[in-house]
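Make a model of the complete structure from these sequences and hints.
Residue numbers (my numbering), protein chains in the order written: chain A, 1 to 537; chain B, 1 to 152.
Any given hint could be a false lead.
Quick list of the computed label-pair ranges, beta carbon to beta carbon [stated by the list, open to error]:
| no. | chain 1 | residue 1 | chain 2 | residue 2 | range |
| --- | --- | --- | --- | --- | --- |
| 1 | B | V117 | A | L491 | 19 to 27 Å |
| 2 | B | E125 | A | T315 | 50 to 58 Å |
| 3 | B | A60 | A | D510 | 19 to 27 Å |
| 4 | A | A325 | B | G5 | 54 to 62 Å |
Not everything, but these chain A residues come out facing chain B in the computed CB check (under 7 Å) [claimed, not checked]:
| no. | residue |
| --- | --- |
| 5 | V97 |
| 6 | P387 |
| 7 | D436 |
| 8 | T440 |
| 9 | Y444 |
| 10 | A447 |
| 11 | V498 |
| 12 | D510 |
| 13 | T516 |
| 14 | A526 |
| 15 | V531 |
Read the hints as simulated data drawn from the structure, not as lab findings. Quick caveat, the model's predicted, so the values are computed rather than measured. No residue lacks a Cβ here, since even glycine has one placed at the ideal position from N, Cα and C.
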Amino acid sequence: MSATTGGAINLSKDDTTTKTKQESVALASGGCGKSGQTTKKSGLGQVVEFTMKSPVPLAAAQFVFWEDKTNALAFAVGTIQANSVRCTCGTRSWNTVLTKESAGKRLKLTLPASLTPTTTEVVCDKGDLSCKVREWSHSGATVADMTATCFACDSASGSCTKEQSALTVANTGLGVARYNADVTFVFKQAGTNTVTALSIKDVAYQPNSKTAVGRFYYKPSTTFPLYGGFSDISYTFGSQTFGTGAICQVFTSSGTAPSAVPSALVSNCVVSGSTVTVTMASDSAANFHVQITGMDAWLASATNKIATGYVKSFTASVQVVETDAAKQYAMPIVGTTTASSNTPLATMTVVVARSLVNVMDVGMVEFTVTPKGADFGADGLAYISFPTYYNPNIGSGLRCSLYDATAKTDGDRLYCNVAWDYTLRVMGPATAAKKDAAFTLRVYGVAMNLHATAGNFGFGLTNSTYWDTDKKLVEFKAAADTTTGVWGGKLAIDVTSVTLSGKNLRSTSDITVAFTLPATTDTVTASSDFVALQLPY
Amino acid sequence: MGVAGWMDGTATASAGLKIVVTTGTGTAAKTTKTTVKGAVVQVSGSNVVFQLDTAATKLAEGASYEFVLSSVPTTDSAAGAASMMLGSVVLSVGKVATGGFGYSSAQLFNALPALTVPTGKALLEFTAGTVTISRGTYTKNAVCIQPASGNF
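In structure tokens, the structure reads:
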């Protein structure tokens with residue numbers, strides 16, 4: 001309050017909030033945990049949980065401690081890695097670390113400033129707080145039964161002791177949730193873990209033929225917990241290379257093979273040399289198949305052991321593949337068994353021709369093939385790998401046909417479908433195309449793209465019986481693509497009307513399109529000799 | 001509007017092209033449509049390529065044309081019929097020996113109209129996209145689905 005010379009009195013409001021420090025509240029029975037965990041002094045990938053049932057809300061920047069009540073024993077843990085601790089209270093969860101203090105005799109959690117759902121000052125409502133150390137990097141030491149306790153202190157008291165937490169405010173107490181000598185839990189680290197090696201399942205190359213081009217897939221097999229964004233699974237596949245153009249895909253599993261449904265469990269896949277590394281997108285078991293397409297030919301190499309591989313969580317490798325070479329997973333080499341690879345005949349000739357090859361064209365790819373191993377008949381199957389500058393589905397509404405190059409007409413209709421991305425499967429004609437004689441196979445409806453360097457088609461022939469049992473080719477030949485088309489569009493064609501003769505579904509209709517060709521600067525559409533119409537799928 | 005019959009060879013496409021010339025203006029305007037000879041040379045499930053005869057006069061810039069794709073099987077599903085205008089249709093021209101040099105723009109293309117059920121008929125459809133049929137102990141090909149009278 002102040003007075004002016006004019007006799008008026010001014011009153012000003014104190015803008016400083018009066019704060020009263022609250023007394024700490026004692027932890028109730030069972031408020032510290034958790035007891036009964038089996039923590040081993042060897043092995044990796046262990047999860048150790050620390051809990052506190054707080055009798056009061058906990059605010060940002062306050063501290064929670066778990067420590068040996070006698071201040072004699074240490075937790076015997078090495079570095080607790082960044083983000084490896086997952087804390088949960090109420091509906092909130094966050095990644096953090098626990099700080100080791102007093103030579104490892106206590107672990108300290110600092111409550112974060114803000115979380116989702118958005119917090120103001122209160123981070124955890126009164127109740128359960130759980131912090132799981134998801135990669136317990138034990139020191140290898142035995143910890144006899146430690147009687148541990150917990151408590152929480154306010155934000156200015158990072159070095160608060162359990163005794164200080166229990167003092168009253170008047171006695172400079174620092175506690176929020178007060179130490180209670182009767183509230184303890186038992187921590188024990190003893191015994192050894194059985195070390196298991198990282199395994200792998202469903203490793204397959206299709207076609208299982210040396211020199212052939214196809215797809216490679218596998219399913220990781222680990223019993224270790226995996227964490228989204230923090231766990232990598234990596235394998236090095238002997239001396240099998242994948243090439244710089246390899247495409248890694250992750251699909252849900254369909255039995256022992258990948259389905260066609262992409263999996264959301266993986267956020268990244270890196271192919272480098274002979275190594276494939278995937279990063280988990282969520283906390284989940286590795287229930288997916290990894291598939292590589294657009295890769296180098298299958299080598300069926302003698303150096304076929306998976307001798308290197310690991311699961312890494314946070315920054316530590318927690319599991320590796322078998323170090324005993326005799327027990328390491330061996331990929332197929334050329335042999336005589338069903339599981340081994342074969343060497344397909346390579347004397348077949350394949351020549352590629354294409355039409356309508358510019359970007360945005362839906363065109364045709366033609367293969368003139370002279371098989372040398374067997375006739376291509378009703379039991380025949382052709383597996384044709386496309387360079388990866390084509391679309392993964394090659395095109396929409398594909399039609400495959402034999403073609404009579406002399407009469408210039410299509411012959412037998414051949415059923416075809418996309419076996420897997422970039423690979424077309426064509427079933428043989430009712431009337432066999434004889435070996436040592438050329439036949440022409442046309443694929444209509446191929447979506448055309450540009451390519452800087454022409455790649456190779458991989459043309460393989462087999463029969464359905466052999467494929468069903470062995471997934472191998474009888475013969476295989478790589479054939480170069482033709483030169484790239486161009487992006488030819490200059491001006492959009494002026495479509496003035498589109499009319500349908502009838503609008504009934506489950507019927508037929510004539511589609512009439514009226515259009516005017518615009519004058520382009522380089523008369524690029526002048527003298528055009530075709531009109532094409534692409535319909536919606 | 002992809003045509004399964006074109007893919008499996010049970011149907012084929014036919015098309016025709018006319019050059020449209022308009023002379024005169026106003027009430028004196030006269031439009032002449034002259035057939036340009038050619039044939040369908042490529043067909044797939046969603047695409048048809050009509051090639052002009054060797055002797056035919058090739059397309060000219062500034063000229064107007066009318067392209068008719070005949071007897072196109074229309075969709076089987078009510079959902080497809082209702083969303084015809086959402087489909088992307090592209091008309092292109094070029095040279096078969098090389099490729100396309102002109103394309104219509106979807107934004108400038110007149111949308112296809114929605115299709116409807118013919119008058120006097122009711123549409124019979126499965127409620128789900130896939131249907132599981134148990135063959136049970138019946139002999140092969142014994143499962144038959146017969147629409148009730150009046151449906152199609």
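How the hints compare with the structure:
1. B/V117 <-> A/L491: 19 to 27 Å: violated (40 Å)
2. B/E125 <-> A/T315: 50 to 58 Å: holds (56 Å)
3. B/A60 <-> A/D510: 19 to 27 Å: holds (25 Å)
4. A/A325 <-> B/G5: 54 to 62 Å: Given about 58 Å between the Cβ atoms, the range holds.
5. V97: Violated. Min distance 49 Å.
6. P387: The hint is violated - A/P387 has no Cβ within 7 Å of chain B, the shortest such distance being about 17 Å.
7. D436: At 27 Å from the nearest chain B Cβ, A/D436 fails the 7 Å test, so the hint is violated.
8. T440: violated (14 Å)
9. Y444: holds (4 Å)
10. A447: Violated, about 9 Å.
11. V498: Given a least distance of 4 Å, the restraint on A/V498 holds.
12. D510: Holds, because the Cβ-Cβ distance from A/D510 to chain B comes to roughly 5 Å (cut-off 7 Å).
13. T516: holds (4 Å)
14. A526: Holds, about 5 Å.
15. V531: holds (5 Å)
Hint compliance for this structure: hints 1, 5, 6, 7, 8 and 10 are broken, all remaining hints hold.
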